[in-house]
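S.K.: Spelled out from the first residue to the last, the chains are:
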Amino acid sequence: MALIKISEPNNQSKGNKKDFVVGIDLGTTNSIISKYENGSFTVFKDKNRELIPSSVNFKSNGFDVGVDALDNPAFYVSSIKRIMGKNLTEISSYQEMFNFEFSEKNNMPALKINDQMYTAIDISSFILSHLKKIAESSQSDNLAGAVITVPAYFDDVQRQATKIAAQLSGIEVMRLINEPTAAAIAYGLDTGNNGIFIVYDFGGGTFDVSILSLENGIFRVIGTKGDTELGGDDIDIAIFKYLKSKYSLTEDIKISTYKSLCRSIKERVNETAKNVCEIINDKAIDLSFDELENIASPFINKTIEIMNQAIDESEINQNEIENIILVGGSTRLKLIKRKLEENYQIKILNNINPDLVVSQGAAIQASNLSGNSKEDMLLLDVLPLSLGIETYGELVEKIIPRNTPIPSSAKKTFTTFKDGQTKLLIHVLQGERESVADCRSLGKFILNDLPQMVAGAPRIEVSFQIDADGILIVNAFEIHSKSSMSLDIKPSFGLSDEDILSIVDDANESANTDLELRKLKECKVEGERVIYALEQALESDGAELLKNSELNAIKTQLDKLKLVLKSENAEQIVEEIKNLEKISEFYVERRMNASIKTLIEGKGVDDIL
Amino acid sequence: MSDGKRNFFDLFDLPVSVDVNIDKLEINYKKLQKGLHPDNFVKATSAEQTSALRISSQVNDGYKILKNIETRIEYILTIKGFSIDDSVSFKDKGFLMKQLEISDFIESVSPDNYDKSQIDLFIKEIGKNMHDLILDIKKLIDANKYSDAYENLSKLKFYKKSIKQLNNVI
Chain A
1 MALIKISEPN NQSKGNKKDF VVGIDLGTTN SIISKYENGS FTVFKDKNRE LIPSSVNFKS
61 NGFDVGVDAL DNPAFYVSSI KRIMGKNLTE ISSYQEMFNF EFSEKNNMPA LKINDQMYTA
121 IDISSFILSH LKKIAESSQS DNLAGAVITV PAYFDDVQRQ ATKIAAQLSG IEVMRLINEP
181 TAAAIAYGLD TGNNGIFIVY DFGGGTFDVS ILSLENGIFR VIGTKGDTEL GGDDIDIAIF
241 KYLKSKYSLT EDIKISTYKS LCRSIKERVN ETAKNVCEII NDKAIDLSFD ELENIASPFI
301 NKTIEIMNQA IDESEINQNE IENIILVGGS TRLKLIKRKL EENYQIKILN NINPDLVVSQ
361 GAAIQASNLS GNSKEDMLLL DVLPLSLGIE TYGELVEKII PRNTPIPSSA KKTFTTFKDG
421 QTKLLIHVLQ GERESVADCR SLGKFILNDL PQMVAGAPRI EVSFQIDADG ILIVNAFEIH
481 SKSSMSLDIK PSFGLSDEDI LSIVDDANES ANTDLELRKL KECKVEGERV IYALEQALES
541 DGAELLKNSE LNAIKTQLDK LKLVLKSENA EQIVEEIKNL EKISEFYVER RMNASIKTLI
601 EGKGVDDIL
Chain B
1 MSDGKRNFFD LFDLPVSVDV NIDKLEINYK KLQKGLHPDN FVKATSAEQT SALRISSQVN
61 DGYKILKNIE TRIEYILTIK GFSIDDSVSF KDKGFLMKQL EISDFIESVS PDNYDKSQID
121 LFIKEIGKNM HDLILDIKKL IDANKYSDAY ENLSKLKFYK KSIKQLNNVI
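Protein chains in written order, with our numbering: chain A, 1 to 609; chain B, 1 to 170.
Check the hints yourself; a few may be wrong.
Stated by the list, open to error - Capping the alpha-carbon separation at 27 Å, the derived lysine-lysine pairs in DSS-like fashion look like this:
id	chain 1	residue 1	chain 2	residue 2
1	B	43	A	519
2	A	163	A	244
3	A	582	B	43
4	B	43	A	521
5	A	597	B	30
6	A	398	B	160
7	A	524	B	160
8	B	43	A	597
9	A	412	B	157
Just so you know, these hints were derived from the structure itself, not from any lab.
None of these values were measured; they are calculated from a predicted model.
The shape of chain A in the complex, shown without the other chains (with noise of 0.2 Å):
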């Protein structure tokens, strides 16, 4: 139920298209786009793959992405996913799965390709472009949204990198879910049980286990643990090593070139439980299936103590769970069934597609968050990692800790130390370490303009707000002042907000349009579908909410806004948008609050006034 539901302003379809949504799973290895419309899944195709590689080929003149990619494994790039959101020092170990030196743009790692520098995000943006044209060819229609997912042990780094990639490719994020999660979203609607379920999702590059219950549509996250370094890849890598040392391959081939020969007899020895032979550099190697199995098993072993310790620490017992759910391509390992079967007395559900179930999750979100659903579900997600703030002794003081339900908020109240002082740094870290140097930085906030007191007098409230995606926002006041603080963001890593937007728009300006134009345009839509929302909500509740003169302003105001729209004044047109806003603030809390009410009493709003 939306207080207020838009449907689209008239002049927003273009054409005779129609809007789609879809659900797309960014993955280490492939990416998989998927739509979900009147209770049936479409994958879309790339030249007939349903797993689209998460591959970039750069050429002299330009890149290939996705299938086509794959010519020349000496000159594409994969598993961007893993550095994604990290810094140089974190990376370093990983150099040696590509093909181009890491260097640095914008504070964060990129790779030298062809004497340009290309980060993570630029990479992952690529992909996603090449996903967006995919999915809008076959439908010829307007891609208008997506669901993307991540893995539940994203940082809000992790988190924020892949965001801005989807903005960079044009593609407007409803909302970021967790890879587990979209997989019983999945799961759920399949089998229609109620329960507590485990879902196992190892992927290429991640492992995570996520603990949910399902009661009648609501999927509630428990519980969630996983290692973002951790994948099939590693085994990939291992047996690369493996086969290396056992015959004595020279030492300067390189991973890169041959992972993907790896991935691919891993999975036929997996497959057929036979001996496979290769050439690998002029030199005939051959894996069988024990070999496999042994150096496939410490990494195996590891997800299960992962995931004893998620059962743990969601204090539920093992005879309360329902199924297991494996998930990601990894799971396709004989060993891991038979590892698990061994540890738990558990069902293991696995007969919809590892590959795909993840997508098809997100796709069924992207189509209930966009109204279009039938199905009623609900979905409450956790925080994945404990949020904190540096204090005295470079230690950390958790704020929200995790595994507390999402949207989440914390309010901290800070003082000053030296009379006079107007400015005030607070360093916010993400982690279950006491140390700052052991948890992942977020980012330092200035506060400026602290009202000028003696030490101690001030009062300002910092509040840590954790949106539905899973990211930070963070907000200030002075008590005694009432006043608002503006606040410097200053990433560890990575972007400031200014640094995204400039980002954005040179993406934009490059595709040559003419932004002064385009702003315009946005703010007209902007303007009516404001306009649309709240004389919906006046004709539904605007009597019985507001007096006489409350209307009356709201609707002055609305007037104005009105008229200056016809304008071409972007300036103008967003400040009367505000001005609107805040004009009709209060009644939106009325609204929110009388909904309360009927959500729990079903009273109508007469009741509450």
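With chain A's structure known, arrange chain B on it following the hints.
M.R.: Just chain B, lined up with the frame of chain A:
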């Protein structure tokens, strides 16, 4: 809560009380999120999205606080205007002895070799103490004796922590 008028009990349509109808809390939590979660406002104006984000957060935060008895009691004390100060020490000096006794007992338990009947007895006794404490807290809150109620709450927390420690050992 920021608006100062509505507390978490009001939000979930529950009476302000140490005893909470957990089923009703669960049901109303789901009802509220079903209508107020930001997922319902993907197409709404930014003002509504902000509002939904804030209220949905309050619903989550309130649910967490009311669900757990310790945070629930602490929250009731805040509603009553009692300001919590952890630096105040116990008035009940006898409890200090009890604390030492319990800690000594837990330390004496070895994971490989312990007397199960003795442990069961210990847990049963702590369980009874906790039950009595909660009854006491209810009475104290009704009698507006908030600082005494808070002292009992600290005792309750200690007992709960002790049981958890014991469970970690065995």
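S.K.: Are there hints from earlier that the structure breaks, and if so, what are their numbers?
M.R.: 2, 7
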